[in-house]
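Undergrad: Protein sequences appear in the order of chains A and B.
Numbering-wise, the first sequence is residues 1 to 384 according to the numbering used here.
Numbering-wise, the second sequence is residues 1 to 560 according to the numbering used here.
It is worth saying that the hints were derived from the structure and are not from the lab.
Be careful, since some hints might not be right.
Within a straight-line C-alpha distance of at most 30 angstroms, the following computed DSBU-like cross-link-like pairs (lysine-lysine) qualify [as the list claims (entries may be wrong)]: (1) Lys271(A) <-> Lys333(B); (2) Lys200(A) <-> Lys203(B); (3) Lys203(B) <-> Lys226(B).
To spell it out: a stretch of chain B is covered by chain A in this simulated footprint if at least three of its residues, at any positions, have a beta carbon under 8 angstroms from a beta carbon of chain A; those stretches are [stated by the list, open to error]: (4) 51-61; (5) 85-91; (6) 252-261; (7) 334-346.
Being a predicted model, the structure only gives us computed values, none of them experimental.
Using N, Cα and C, we set each Cβ at its ideal position, and we do this for glycine too.
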Amino acid sequence: MLLAGSECPRARSGLSRFGAALASAQPKIDGVACDPAAAIEAAARILANSRQPLFGGLGTDVAGARALYPLACLTGAICDPAGGAALLHSLRAMQDRGAFTTTLAEVRSRADLIVCIGSLPHERYPEFLRRCGIGEGGAASVIALLPASSPGGAAADGIEIVCFEGDLFDAMALLAACVAGRVAINDAAGSLGALAARLKASRYAVLAYEAAQLPAQGALIIEALNRIVSTLNQRTRAAALPLGGGDGASTVNAVFTWLSGLPLRTRAGPKGLEHEPLRFDATRLLEERSVDALLWIASFGTEPAPPTADLPRIVLGHPDFAAAVQGSGSVFIPVSTPGIGSAGHLFRTDGSVLMPLRAVREDGLPSVADVLGRVTRALQGATA
Amino acid sequence: MTTMRLRGGRVIDPANGVDGQVRELFVRDGRIVTPAPGEAAGEEIDISGCIVMAGGIDMHTHIGGGKVNLARLLMPEMQRAGPNPIALPANPLELASCGGCTPGTLATGYRYVEMGYTAAFEPAMMACNARHTHMEMGDTPILDHGAYVMLGNDELFLEMLSRGADFQRIRDYVGWTINAAKAMGVKVVNPGGISAFKFNQRKLDVDENHVHWQVTPRQVVHTLAKALRELGVPHPLHIHGSNLGVAGNIQSTLETIAALEGLPAHLTHVQFHAYGTEGPKKFSSAALQLAEAVNAHPNVSIDVGQIMFGQTVTASGDTMRQHAQSGLASPRKWIGADIECEAGCGVVPFRYRDQNFVNALQWAIGLEIFLLVNDPWRVVLTTDHPNGGPFTSYPHLIRLLMDRSFRAEQLAKLHPDVAANAALNSITRELSLYEIAIMTRAAPARLLGLKDRGHLGEGAAADIAVYREDADREAMFTTPAYVFKDGALVARAGRITAVPVGGTHFVAPDYDRSIETVLRKHHAAQGSVNFDQLAIGHDELCSCCNGGRLLPAACFERST
Numbered sequence: 001m002l003l004a005g006s007e008c009p010r011a012r013s014g015l016s017r018f019g020a021a022l023a024s025a026q027p028k029i030d031g032v033a034c035d036p037a038a039a040i041e042a043a044a045r046i047l048a049n050s051r052q053p054l055f056g057g058l059g060t061d062v063a064g065a066r067a068l069y070p071l072a073c074l075t076g077a078i079c080d081p082a083g084g085a086a087l088l089h090s091l092r093a094m095q096d097r098g099a100f101t102t103t104l105a106e107v108r109s110r111a112d113l114i115v116c117i118g119s120l121p122h123e124r125y126p127e128f129l130r131r132c133g134i135g136e137g138g139a140a141s142v143i144a145l146l147p148a149s150s151p152g153g154a155a156a157d158g159i160e161i162v163c164f165e166g167d168l169f170d171a172m173a174l175l176a177a178c179v180a181g182r183v184a185i186n187d188a189a190g191s192l193g194a195l196a197a198r199l200k201a202s203r204y205a206v207l208a209y210e211a212a213q214l215p216a217q218g219a220l221i222i223e224a225l226n227r228i229v230s231t232l233n234q235r236t237r238a239a240a241l242p243l244g245g246g247d248g249a250s251t252v253n254a255v256f257t258w259l260s261g262l263p264l265r266t267r268a269g270p271k272g273l274e275h276e277p278l279r280f281d282a283t284r285l286l287e288e289r290s291v292d293a294l295l296w297i298a299s300f301g302t303e304p305a306p307p308t309a310d311l312p313r314i315v316l317g318h319p320d321f322a323a324a325v326q327g328s329g330s331v332f333i334p335v336s337t338p339g340i341g342s343a344g345h346l347f348r349t350d351g352s353v354l355m356p357l358r359a360v361r362e363d364g365l366p367s368v369a370d371v372l373g374r375v376t377r378a379l380q381g382a383t384a
Numbered sequence: 001m002t003t004m005r006l007r008g009g010r011v012i013d014p015a016n017g018v019d020g021q022v023r024e025l026f027v028r029d030g031r032i033v034t035p036a037p038g039e040a041a042g043e044e045i046d047i048s049g050c051i052v053m054a055g056g057i058d059m060h061t062h063i064g065g066g067k068v069n070l071a072r073l074l075m076p077e078m079q080r081a082g083p084n085p086i087a088l089p090a091n092p093l094e095l096a097s098c099g100g101c102t103p104g105t106l107a108t109g110y111r112y113v114e115m116g117y118t119a120a121f122e123p124a125m126m127a128c129n130a131r132h133t134h135m136e137m138g139d140t141p142i143l144d145h146g147a148y149v150m151l152g153n154d155e156l157f158l159e160m161l162s163r164g165a166d167f168q169r170i171r172d173y174v175g176w177t178i179n180a181a182k183a184m185g186v187k188v189v190n191p192g193g194i195s196a197f198k199f200n201q202r203k204l205d206v207d208e209n210h211v212h213w214q215v216t217p218r219q220v221v222h223t224l225a226k227a228l229r230e231l232g233v234p235h236p237l238h239i240h241g242s243n244l245g246v247a248g249n250i251q252s253t254l255e256t257i258a259a260l261e262g263l264p265a266h267l268t269h270v271q272f273h274a275y276g277t278e279g280p281k282k283f284s285s286a287a288l289q290l291a292e293a294v295n296a297h298p299n300v301s302i303d304v305g306q307i308m309f310g311q312t313v314t315a316s317g318d319t320m321r322q323h324a325q326s327g328l329a330s331p332r333k334w335i336g337a338d339i340e341c342e343a344g345c346g347v348v349p350f351r352y353r354d355q356n357f358v359n360a361l362q363w364a365i366g367l368e369i370f371l372l373v374n375d376p377w378r379v380v381l382t383t384d385h386p387n388g389g390p391f392t393s394y395p396h397l398i399r400l401l402m403d404r405s406f407r408a409e410q411l412a413k414l415h416p417d418v419a420a421n422a423a424l425n426s427i428t429r430e431l432s433l434y435e436i437a438i439m440t441r442a443a444p445a446r447l448l449g450l451k452d453r454g455h456l457g458e459g460a461a462a463d464i465a466v467y468r469e470d471a472d473r474e475a476m477f478t479t480p481a482y483v484f485k486d487g488a489l490v491a492r493a494g495r496i497t498a499v500p501v502g503g504t505h506f507v508a509p510d511y512d513r514s515i516e517t518v519l520r521k522h523h524a525a526q527g528s529v530n531f532d533q534l535a536i537g538h539d540e541l542c543s544c545c546n547g548g549r550l551l552p553a554a555c556f557e558r559s560t
């Protein structure tokens, strides 16, 4: 498959997962090939026998999320995407104090200073700089704020590195204090003081961050970042640019939020509709064996492999994940990938644009939405 | 298909001049019909003692799209019952969904329909967010829906206006945008002001220049109103004016009406735009001035944006004003965004307090506007959900408008200066059921160009609300006895009985397609979205809207 209009290595690597053999992928029960109807029946049986299922991964598009919600309601499943901790960093910071964000077109045409907080985004988002207009006539200076102890990532041309001593929590607190004028910007404030001065002097500053690269309690760093943006907006213009939410996480979060009124890490439990940002952490629930069945969705092929927990597992995934789903009590159903084998919709990283994905070829595989619809109907039939 | 007969009800159908006569209604294939001679109804429902109206139509309610979903993300604490989660629905036809001022789309559909509403229109769709908006509306069950796409703060429009581009080109751009976003109309929000805020301008009066593009809100409003007129779009320009919430903004509102120079337009949530600067607190009601202007300008219609006391969240495209008001956020947090060189948004939680002078006066101003404008066909009942209060407060609002003594009782409980001095004290008008029917269904249908909605004449869609007569109008309008959508019973006595997918209203104006060359060039330079991915086709719209019916509304013949 050819990549046009971009040199993105991540896109190239993603596309390399779609060889010719996909269409021959077959559903499996306990690692043994079976027909699709038997796999649906087996999946429904696992969910029917579960007292507390977990829906994880959530690597799907809007249609998949729309089909997942009724099944989550029917089973009382806890839903948490892969990378849920990162998603919740941004969400909890926003729920506490709010946020002011911007989008790619605004950055490209308006930013005069882009500060990447704590990491070099182009290492994971190879198109980041180009999309911000860097090297394509954009006028922004780009600074990366990194720990002095960092191994020194490959800084791209034109990125200026500003280092800080200690941890990012303290650095952001000091930066926020300097921007707010609570700490004098002088030699004692060092490089952070100088950075604060540049932020204050810029017309439209953008503070970009990758929630997935932040340490535990990263919400505190994002809160400081949001506070800096808020302070700057008293006199000049500034905005945050969160990067992340890929592989369907932010898309499923958006869909569950609009359907139910509450964001992910939710459950339609016996007492009602619960949103528990800390308790409903998939990794912890699996470690503590607080759930007794897992439905893992990974239709893009770029998600983490399904966890190898010792409980009944249903995996709807890219055919490459078949090998990771073996053994008794497992059901694997290969599904098509939105934007490759089927049409679909995914939110762009900045959250404002819902991108249409067109099918580029017929792969003969069902969509996540198809499979979930059939599982839901089978389950309703079983419990009726 | 069999015919259903509703018999014994008093029909209030202002579009057809029917005011309370007992009439039978026949429904076949989802439509109101005249039965063939001797035709027997397969099903009969006795609705004696009931008032029958067309299904309610809310033409300005923030039910879907980016900022609405941000409000939900921001306010999870609203979605609890004290220490407990909100209980799951007892009705097996409903999926779990929270309510209140940031309801899920599912609850939005259920609660509107239980109240007798059958259509709702999202007023602030960003073109870049159009798919998302249609997705949310498609996931709002039962209700028909549509949206107005926002223009007038997008850089391309402002740039064209600024360099004096040919008006026909601007008109074609407006036509293209409506078509690409599958919109029902166009809304302008703080004309030019959202963009100006991105250039660090903090205020923009009607005749003040945008600091970068050097164009005024007056030019923006006039150009857009003219474009829609020429495109033949039935709903005229939907205007959220300049200086929302600012004391003395009546001046801006009157100047905006003047900027129209007689072109048709709809001024939305005018309560927030009808403030004077009199009195010791330099904040006063300008409802009378506004009503006089509306009475004198037949080209203008309004919806009110009544406020209701209690917690809500304001979700607006007006980044400039929401930033300015963010200090009043309660709880103290808010979300803002600059979006795609096209729009913005601001989500500010707010608690309207009856003992707060400003809030109490806002409440009185809204009611004064309802009661001082003479022509109910140009006034639509809204709370600008959720900005003035959630849509579930409509029955209470209806009682305030219909029951003078109830109104006086409520007014007496407010901040003493308002209770004692509000002009509302001296207004004796009580709206009739006929006037309420105009403001909640007949007028919005007419203002949107929906020929087969909002009335009960032959051929109309059988969207019907049947209310049991009750002197307590709040109780009466809270729980209709029956609600029909396209002839199907969807709610009975406050309980959902069927959950069909609603349809999508949109318009498809004609325009010169060569404008696409200009747009392609613009998007290539901006580099954010591939031009070929922008427009939503009919098939894609259908999948966004969950397979609901597509309901294109006809444009009128061009006047030029």
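Undergrad: Each hint needs a verdict: does it hold in this structure or not?
TA: Tested hints:
no.: 1; hint: Lys271(A) <-> Lys333(B); result: holds (29 angstroms)
no.: 2; hint: Lys200(A) <-> Lys203(B); result: holds (21 angstroms)
no.: 3; hint: Lys203(B) <-> Lys226(B); result: holds (25 angstroms)
no.: 4; hint: 51-61; result: violated (count 0)
no.: 5; hint: 85-91; result: holds (count 4)
no.: 6; hint: 252-261; result: violated (count 0)
no.: 7; hint: 334-346; result: holds (count 9)
In this structure, the earlier hints numbered 4 and 6 are contradicted, and the remaining ones agree with it.
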